[in-house]
Amino acid sequence: MSQQSSTIGSEVTWSAEGAAVNTADANAAGSAGAYPGASEPPHLSVRNLHVHVGGNHILKNINIDIPNKGITSFIGPSGCGKTTLLKTLNRLLDRQKGVVVKGAVLVDGVNIYDKEVEVTDMRKKMGLLSQRPFPLPMSIFDNIAYGPRIHGIKKKKQLEEIVEYYLRATHLWEEVKDRLNQSAAALSIGQQQRLCLARGLAVEPEIILGDEPTSALDPVSTQRIEELFLQLKDKYTLILVTHILRQARRLSDTIVFLYMGEIIEYGPAEDVLLHPREKLTQEYVKGFIS
Amino acid sequence: MSYKQIRLWKDRWSANLFLWLCLFFIFIVVLIGVGLLIKSAPIWKEQSIVHLIFSKEWKPFQGKFGFLAYISGSLLVTFLAVIIGLPISLMSAVYISEYAPGRVRSILLPLIDLLSGIPPIVYGVWGVLTIVPLVGQVLAPRFGAVSSGYSALTGGIVLAVMIFPLLIRILLDVFEAVPAGLKDASLSLGANQWETVKHVLLKRSAPGIIAATILALSRALGETIAVLMVCGNIAVLPRSIFDSVYPLPALIANNYGDMLSIPQYDAALMLAAFILFVLIFLCNALSRMVLNRLERRDYA
Ligand SMILES: Nc1ncnc2c1ncn2[C@@H]1O[C@H](COP(=O)(O)OP(=O)(O)OP(=O)(O)O)[C@@H](O)[C@H]1O
Ligand SMILES: [Mg+2]
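In order, the protein sequences belong to chains F and D.
Here numbering that gives the first Met the number 0 is used: the first residue of the first sequence is 0, the next is one more, and so on.
Here numbering that gives the first Met the number 0 is used: the first residue of the second sequence is 0, the next is one more, and so on.
Watch out, some of these pointers could steer you wrong.
[Said to hold, decoys possible] Listed below are the simulated SDA-like cross-link pairs for lysine to any residue, each with C-alpha atoms no more than 20 Å apart in a straight line:
#1 F:Lys96 <-> D:Val177
#2 D:Lys197 <-> F:Ser182
#3 F:Lys96 <-> D:Leu108
#4 F:Lys96 <-> D:Pro100
#5 D:Lys202 <-> F:Leu179
Since the hints were made in silico from the structure, they are not lab data.
Keep in mind that this is a model prediction, so the values were computed, not measured.
Modelling step: build the complete structure from the supplied sequences, incorporating the hints.
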């Protein structure tokens, strides 16, 4: 018990320090008690979702409403199904062989697993950041312009504005403005990840999915990405997978705790991290299971 | 010797062994080239090599050995084979790797392997029975040409079918090497499957596609029996793709061992082999250069 309270103590201290960046809304989200944005219907919900991969039951009866705006984190031990769950949200999972998805993922009330749904439109609403950055095989400029071009923006001037805007938004502009036409592969990993974020933002998504987006990055790059997330969370719904509890604490408004393919507990970050109801969550948060 | 020494010894010697095996094979290749060059000496010592290559007169009885018709025949047939074979292979490979459901894939792949196992002579017979009449009676008249059907185009089509399995196999490997995360990245931006194929898969695979093409090119350049059966084997400069041609390998296969009564004939055939050797060598050197170029642009 004493161990737990000491954890809480240090946690409070941390958030007091870290609050410098984003005090207002972190507190607002916390003090509101319910999920941030709980007043509007969630535009992303999962209903009775089951996923089988190659005959293994990987996700079992998943039901969540992801609150609008703010940061929702999926946490849980390795292999519990975090990546799988994230990839079901924009239908990247069922591209793989041997995957069977049952149940519904509702985006703005529409089940994206319905046959009639246009997958590309749905995917456009969700940016994706993967575990390591995948710059497209083209220049820095074209990486950002890729999405807008596909969605019909042809004017050079307009594309230039978009590219500059999102490179500024991800604090990359100063670093790359002189070499926009060079290959994106030449950037550092941290820069590449910010480029991927900018690229995703340029198609104006509502939701950003991140699968351990900082796990390949050095501490400084990680911090920059985290700061970006905190800035973005007022405008976007961010869903992050992380296995770093400290990161989940630093960033999350809502926490979803997964264990062996099931949701054990989910709710506002403070509740789940500081006062978990379930025994498994308690053990995970204390670091007994990882 | 202690166990530790034995391990060290094995390690050192295995490395040496591999090195020597490698050198041995390089040596054999060099040996073949040099051998051909020496064997063809009687002819290039008497006539200038430039003249031999750029003259189209082939009159062994008068001692005239111009290779131009053969070289251009070889190049034309090979070029046609790649022009026809590459797009089809590329599209098939894209379909198999990106679109085909698992079951279709598991039917197609063994079929393709089967194709590559069919001996060239069978392709030759098939070409004579189907492609020769197709070209002679259907395609040539449609383009206002007169053709026996034994033509450069026929050779190109038969060769295209022959390099098809090779190309597909390599292209599939090339596509396999494109990380799923890269395609996911494109898809997640709202690109559809085709846009992803065009801008990501094909672009990223460009060096591999070029390497595959050049490999197929060398293969087509060296193919003998099937080509020999369908090209007509007339040593004149082709003026259209419906003309008969006489590719280098066919020249060698048809005449080697015969007509030794004519002086220099033997040497001329050796020179033909050497030219083929050099062409294929150039092909590979070219592919290496292109690949290095593209890799230096380092689109990871
Ligand atoms: N293609 C596959 N075939 C079979 N099993 C798979 C496949 N992909 C994932 N799995 C299994 O699904 C389960 C969940 O995997 P997932 O990658 O979602 O876990 P995760 O929570 O993201 O783990 P990590 O923290 O290590 O990334 C694991 O047990 C894994 O072994
Ligand atoms: Mg994962």
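*Is the straight-line distance between the alpha-carbon of Lys202 (chain D) and that of Leu179 (chain F) 20 Å or less?*
holds, 19 Å
*Could you grab the alpha-carbon distance between Lys96 (chain F) and Leu108 (chain D) and see if it respects the 20 Å cut-off?*
holds, 16 Å
*Does Ser182 (chain F) lie within 20 Å of Lys197 (chain D) when you go C-alpha to C-alpha?*
holds, 18 Å
*asked:* With the threshold set at 20 Å, check whether the alpha-carbon distance from Lys96 (chain F) to Pro100 (chain D) stays at or below it.
replied: Holds, because 9 Å separates the two Cα atoms, which is no more than 20 Å.
_Restraint status (C-alpha distance of Lys96 (chain F) to Val177 (chain D) at most 20 Å)_ = Measuring from Cα to Cα gives roughly 17 Å; hence the hint holds.
Hint violations for this structure: none, all hints satisfied.
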